[in-house]
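K.L.:
Chains as they are written, first to last, in the working numbering: chain A, 706 to 969; chain B, 10 to 169.
Keep in mind the hints are simulated off the structure, nothing from the lab. Computed from a predicted structure; not experimentally measured. Hints should not be assumed to be uniformly reliable.
[To be verified] Here are the computed lysine to any residue pairs in the SDA-like style, where the Cα-Cα straight-line distance is at most 20 Å:
1) 12(B) x 717(A)
2) 12(B) x 828(A)
3) 876(A) x 137(B)
4) 925(A) x 876(A)
5) 876(A) x 79(B)
6) 876(A) x 154(B)
7) 876(A) x 138(B)
8) 876(A) x 134(B)
9) 876(A) x 135(B)
10) 915(A) x 828(A)
11) 768(A) x 749(A)
12) 12(B) x 750(A)
13) 41(B) x 828(A)
14) 12(B) x 748(A)
15) 876(A) x 129(B)
16) 12(B) x 712(A)
17) 12(B) x 710(A)
18) 876(A) x 152(B)
19) 41(B) x 709(A)
20) 41(B) x 895(A)
21) 876(A) x 40(B)
22) 12(B) x 709(A)
23) 876(A) x 131(B)
24) 717(A) x 895(A)
25) 12(B) x 728(A)
26) 876(A) x 132(B)
27) 12(B) x 707(A)
28) 876(A) x 41(B)
29) 876(A) x 144(B)
30) 768(A) x 155(B)
31) 717(A) x 40(B)
32) 12(B) x 46(B)
33) 876(A) x 12(B)
34) 876(A) x 24(B)
35) 24(B) x 111(B)
36) 12(B) x 749(A)
37) 876(A) x 150(B)
38) 41(B) x 713(A)
Spelled out, the chains give:
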Amino acid sequence: MSLALQTFSTVKDANAALQASGTRYLGGGTLVVRAANEGDVSVSSLVRVTEPSLSAVSVSGGKARLGASVTMAAITRHPELAALAPAARAVGGPAIRNMATVGGNLFAPAPYGDFAVALLALNATVAVEDGEMPVETFLAGRDTSRAVVTAVSLSLPEAESFRFLKVSRVKPKGVSVLSIAALLQRTADGTVTSARIAHGCMADRSMRAKAAEKALLGCKLTPEEIAPALAVAGEDITPITDPIASAWYRAEVLPVHLGRLLLS
Amino acid sequence: MAKVPVQFTLNGSEKAEFIESGTTLLHALRDKIGDTSPKGGCHQGTCGACSVIIDGELRLSCLTLAETCDGADIRTTAGLAEGGVLHPLQRAFLDAFATQCGFCTPGMIMAAKALLDRTPNPSREEVVEALSGNICRCTGYEPIIQAVLTAARADSQNAA
């Protein structure tokens, strides 16, 4: 393996260096160093940034801004990020969580990227040097993204409105069969007034379950009323096949687990 | 490929090496510095055999570039014994038959040490969680979990 690592103190300089072919950004290393170790010869040069703002977390007025270099472990330990902790804890084992970053998770191919599933359900905003965009837009265009992600911002959900589930075969840590995140606003009598659902492993990256979201509106979370949403949960999915599960299996169990999440 | 200087503290000793840019910490430790206690298993971040403690945090040396450790404090299993006396975790692993082929052991011990450094009296669930990134194909895990719990008890008795 021969990789050249370039370290920059500003995002601006790193963005300029990232334009060279074969150059990838080094966050926690759990994706790009792994790729290099596996013999991915498309990676010849790595770029990293030491700008402190990339590792900062700020929470105020119910909103959180997570620097792109903030690790999953830092999120699980942060007293004001309890709503995000289950999704951060779903990533890897303890050592991986000490390394894997918020920014990196946006690029993690399925079956990885469980934290990005939560970010998609929460309608987070992804910031790069010259602007911001919804995480959904960012994920759709990530393959051609050549700018360093600097931060992710989101409104912190009230505990009862946000649900996250990761299904894996090995406990407590295992690769995802699938993961689901749901942000549900409900009236006092429990009727769903808005629903935003994202799932992982149902494509090469996290996707929204728009048909299920629509079908949940006006429903109460009972087995009878959520049945139409579960029936359409598999619309437009193209699950991955890997050693953990086949695409067929993932599609079969998705409504089962979505039902459990909604009824939990 | 240009070589770059890297300096860090390894188990309390200052180390300075010229390494090729892009060298993993695992490679630098084993093949440059001669500390072969971290093992190269999967090189993918899956097995945990290369686990080391960097600035107090458990990390995977196979996915960490050595250049990013400049100025860091690195701890490996090779530095645990003092004056020929095994660390309580090492003693407990031997006594509990928690090491068989031994390949996963240095990673298991560093993962356990990272836990005990923060949580001196862990519950069984906390031990299981702390070791969840480390794979063992010999023991079935139970002897390892017991060894960590035994070492925690031994430590707390010594401290009392």
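K.L.:
Hint by hint, work out which the structure violates, then give me just those numbers in ascending order.
P.N.:
Of the numbered hints given earlier, those the structure breaks are 1, 2, 4, 5, 11, 13, 15, 20, 21, 24, 28, 30, 31, 32, 33, 34, 35 and 38, listed in rising order.
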